[in-house]
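Each chain, letter by letter, is given below.
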Amino acid sequence: MDAIQQNLLEQVAGLHEIPAGAYNIRANGQMAGRNTTANIDIVSKEDKSGIDIRIKPGTRSESVHIPVVLSESGLKESVYNDFFVGEDCDVTIIAGCGIHNGGSAASEHSGIHRFFVEQNAKVRYVEKHYGSGDGNGERIMNPTTEIHLAKGASLEMETVQIKGIDSTKRVTAATVEEGASLVIHEKIMTHGKQYAQTDFTVNMTGPGSSVNLVSRSVAKEHSRQLFKSRIIGDSSCQGHSECDAIIMDEASVSAIPELTANHIDANLIHEAAIGKIAGEQLIKLMTLGLTEKEAEEQIVNGFLK
Amino acid sequence: MRGNMLELKHISFQAEDTGKEIEILRDINLVIKDRFVAVTGPNGSGKSTLAKIVAGILTPTEGQILLDGVDITDKSITERANLGVGFAFQQPVRFKGITVKDMLSIAAGKDADMAEICSMLSEVGLCARDYVNREINASLSGGELKRIEIAMIMARKTKLSIFDEPEAGIDLWSFQNLIRVFEKMYEETKGTILIISHQERILNIADQIVLLADGCVKKVGTREELMPELLGVGQPCRTLADKL
Ligand SMILES: Nc1ncnc2c1ncn2[C@@H]1O[C@H](COP(=O)(O)OP(=O)(O)OP(=O)(O)O)[C@@H](O)[C@H]1O
Ligand SMILES: [Mg+2]
Chain S
130 MDAIQQNLLE
140 QVAGLHEIPA
150 GAYNIRANGQ
160 MAGRNTTANI
170 DIVSKEDKSG
180 IDIRIKPGTR
190 SESVHIPVVL
200 SESGLKESVY
210 NDFFVGEDCD
220 VTIIAGCGIH
230 NGGSAASEHS
240 GIHRFFVEQN
250 AKVRYVEKHY
260 GSGDGNGERI
270 MNPTTEIHLA
280 KGASLEMETV
290 QIKGIDSTKR
300 VTAATVEEGA
310 SLVIHEKIMT
320 HGKQYAQTDF
330 TVNMTGPGSS
340 VNLVSRSVAK
350 EHSRQLFKSR
360 IIGDSSCQGH
370 SECDAIIMDE
380 ASVSAIPELT
390 ANHIDANLIH
400 EAAIGKIAGE
410 QLIKLMTLGL
420 TEKEAEEQIV
430 NGFLK
Chain V
77 MRGNMLELKH
87 ISFQAEDTGK
97 EIEILRDINL
107 VIKDRFVAVT
117 GPNGSGKSTL
127 AKIVAGILTP
137 TEGQILLDGV
147 DITDKSITER
157 ANLGVGFAFQ
167 QPVRFKGITV
177 KDMLSIAAGK
187 DADMAEICSM
197 LSEVGLCARD
207 YVNREINASL
217 SGGELKRIEI
227 AMIMARKTKL
237 SIFDEPEAGI
247 DLWSFQNLIR
257 VFEKMYEETK
267 GTILIISHQE
277 RILNIADQIV
287 LLADGCVKKV
297 GTREELMPEL
307 LGVGQPCRTL
317 ADKL
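Taken in order, these protein sequences are the chains called S and V. Per this note's numbering, numbering of the first sequence is gapless, rising by one per residue and ending at 434. Per this note's numbering, numbering of the second sequence is gapless, rising by one per residue and ending at 320.
Certain hints may be false.
As the list claims (entries may be wrong) - Here are some chain S residues pointing at chain V (derived, C-beta under 7 Å):
#, residue
1, V255
2, K257
3, D263
4, S383
5, Q410
6, G431
7, F432
Claimed, not checked - According to the in silico footprint, chain S covers these stretches of chain V (three or more CB under 8 Å from chain S):
#, stretch
8, 91-97
9, 141-154
10, 170-178
Unchecked claim - As a list, the in silico DSS-like pairs of lysine-lysine whose alpha-carbon atoms are at most 27 Å apart:
#, chain 1, residue 1, chain 2, residue 2
11, S, K185, S, K205
12, V, K235, V, K151
13, S, K422, V, K235
14, V, K294, S, K257
15, V, K177, S, K405
By construction, these hints were calculated from the structure, which means they are not laboratory data. Just so it is clear, the structure is predicted and the values come from calculations on it, not from any experiment. Built from N, CA and C at the ideal position, the CB exists for glycine as well.
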């Protein structure tokens, strides 16, 4: 693996070296390393590119890293990864994709991740997207995440895209059964002419299920963002979504929430706030000696922290 | 002999309110050089407006501001802050994601470590352990925010420190501690501490008291000269008399 790929790996997975536990590293469309453990098996798919990750019931405090890096300009790929998380597991899954495009052709990665989380299992899922390279070829990433939470299961997803992705359409769909809970924290920053679209659909099917979607984003320069969320409550359940965006320069942000309650005890809330940085926040930081530009950076960094 | 810390010459401020110009401050002339200066006056008399003009947040319609003999009338908020003006807001600002540690570090002009944060917060009666990593957002109570606001100005060690109603919302941690904070600040900066306040116990430590009413300076003097009148023993000023 070369220096560019190492850097991408560090950005998306925080990896300086070979990770502990199970992992599968994909570089420029090829498998660049794999490790399985007694409890976690990783098998390549036969019919299309991608892997099946099988985690044995009761597996605790183990992690799986599945980073993807692309450094060859013009590469386009779709990868299908399926996670089967057994009953009573408590595991961390770290995915993420880094694209370095130093050429002029568009590089594109579409990751389709499906999670089948069995009863009472607990998953923390971290996903980071990052782009670098000064070529004018676009860096495009379209992650699709499908989540099935069985009775009492829980999944907490953290998804971050702070830099370098020109175009992204992120689709997340989930079904949440009895007593299961889904939490998603999304952080996005766009600049230049970038476009980011987020599309969440969550179906709460069982009593006592819950979902909490929190999206924080900053849109700078001429970038555009679209946030869509659909929460459907078919049972007694708690649903909350929140889209909080800072808009700067000539950027544009839309938030389109949709809530559907099909049960008298479905409790659904959506909050959306889009606005520029509050003037009084800038003023406060300037009275502490920061310039307007420095104040702006502090506010944006804090907001996305 | 102390030099003049702050001089206001013919400061006026007008604002537009529903289409018509209203005069909020009228021809303010003041020389401030003492250790502790208190500005008092009825609600709406223009105290906060005056403080914002000194900090550069509002631009006066007319007049001149001198800090330590230097004309700062055309200087930005940032420039004034770096020249030594500190300002604790009447209503502290809330931020999403910025922590108490971040803010105190910005105020101190360096990445403050736990021991430094602890010493700053303990001055205002807060335990660092409970607060360092708290965000300065809606989850903090009004009094907590007010104390952190004071700690930020202490961390800056500015030669002119303005506090807009620092006692508001502060409980029995009490005036005595607040006064100790001001005394300690003076020891460290040897500058001027300008306190906007309605509280007798704060006015009682002032070397000089400025009474504002209706956007004008009604009286300036030592506390011996002004306290009896402010407490209603002597002749109340016209604005106050109207209400009595
Ligand atoms: N931008 C503005 N437009 C219109 N009126 C304003 C504006 N800013 C301040 N005022 C008015 O100017 C007056 C002075 O306000 P200021 O906040 O300075 O009063 P204050 O003396 O600090 O009062 P308090 O004791 O209540 O804090 C008030 O009547 C206020 O309503
Ligand atoms: Mg005021």
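Hints, one by one, checked against the model:
At about 19 Å, the closest approach between the beta carbon of V255 of chain S and any beta carbon in chain V exceeds 7 Å, and the interface hint on this residue is violated. Among the interface hints, the one on K257 of chain S is violated; its C-beta lies about 18 Å from the nearest C-beta in chain V, farther than the 7 Å criterion. Annotation: D263 of chain S was flagged as interfacial toward chain V, and the flag is violated, the nearest CB pair being 30 Å apart, outside 7 Å. Hint on S383 of chain S is violated. Least Cβ distance to chain V is approximately 21 Å, over the 7 Å limit.
At its closest, the beta carbon of Q410 of chain S sits 6 Å from a beta carbon of chain V; the interface hint therefore holds under the 7 Å criterion. Annotation: G431 of chain S was flagged as interfacial toward chain V, and the flag holds, the nearest CB pair being 4 Å apart, inside 7 Å. Given hint, F432 of chain S at the interface with chain V, holds; its Cβ is 5 Å from that chain's nearest Cβ, closer than 7 Å. With 0 residues bearing a CB less than 8 Å from a CB of chain S, the stretch 91-97 of chain V misses the requirement of three and the coverage assertion fails.
Check on the stretch 141-154 of chain V: 3 of its residues sit with their Cβ under 8 Å from a Cβ of chain S, so the three-residue criterion for coverage holds. Three residues within the 8 Å Cβ limit are the bar, and the stretch 170-178 of chain V against chain S gives 6, so the coverage statement holds. Distance restraint check for K185 of chain S and K205 of chain S: the Cα-Cα separation of roughly 33 Å exceeds the 27 Å cut-off, and the hinted pair is therefore not satisfied. Distance hint between K235 of chain V and K151 of chain V is fulfilled; the C-alpha atoms sit about 17 Å from each other, no more than 27 Å.
Only pairs whose Cα atoms come within 27 Å are accepted, and K422 of chain S paired with K235 of chain V is accepted, the gap being roughly 25 Å. Restraint check for K294 of chain V and K257 of chain S: not satisfied, since their Cα atoms lie roughly 62 Å apart, outside the 27 Å limit. As the CA atoms of K177 of chain V and K405 of chain S are separated by approximately 24 Å, the hinted pair is consistent with the 27 Å bound.
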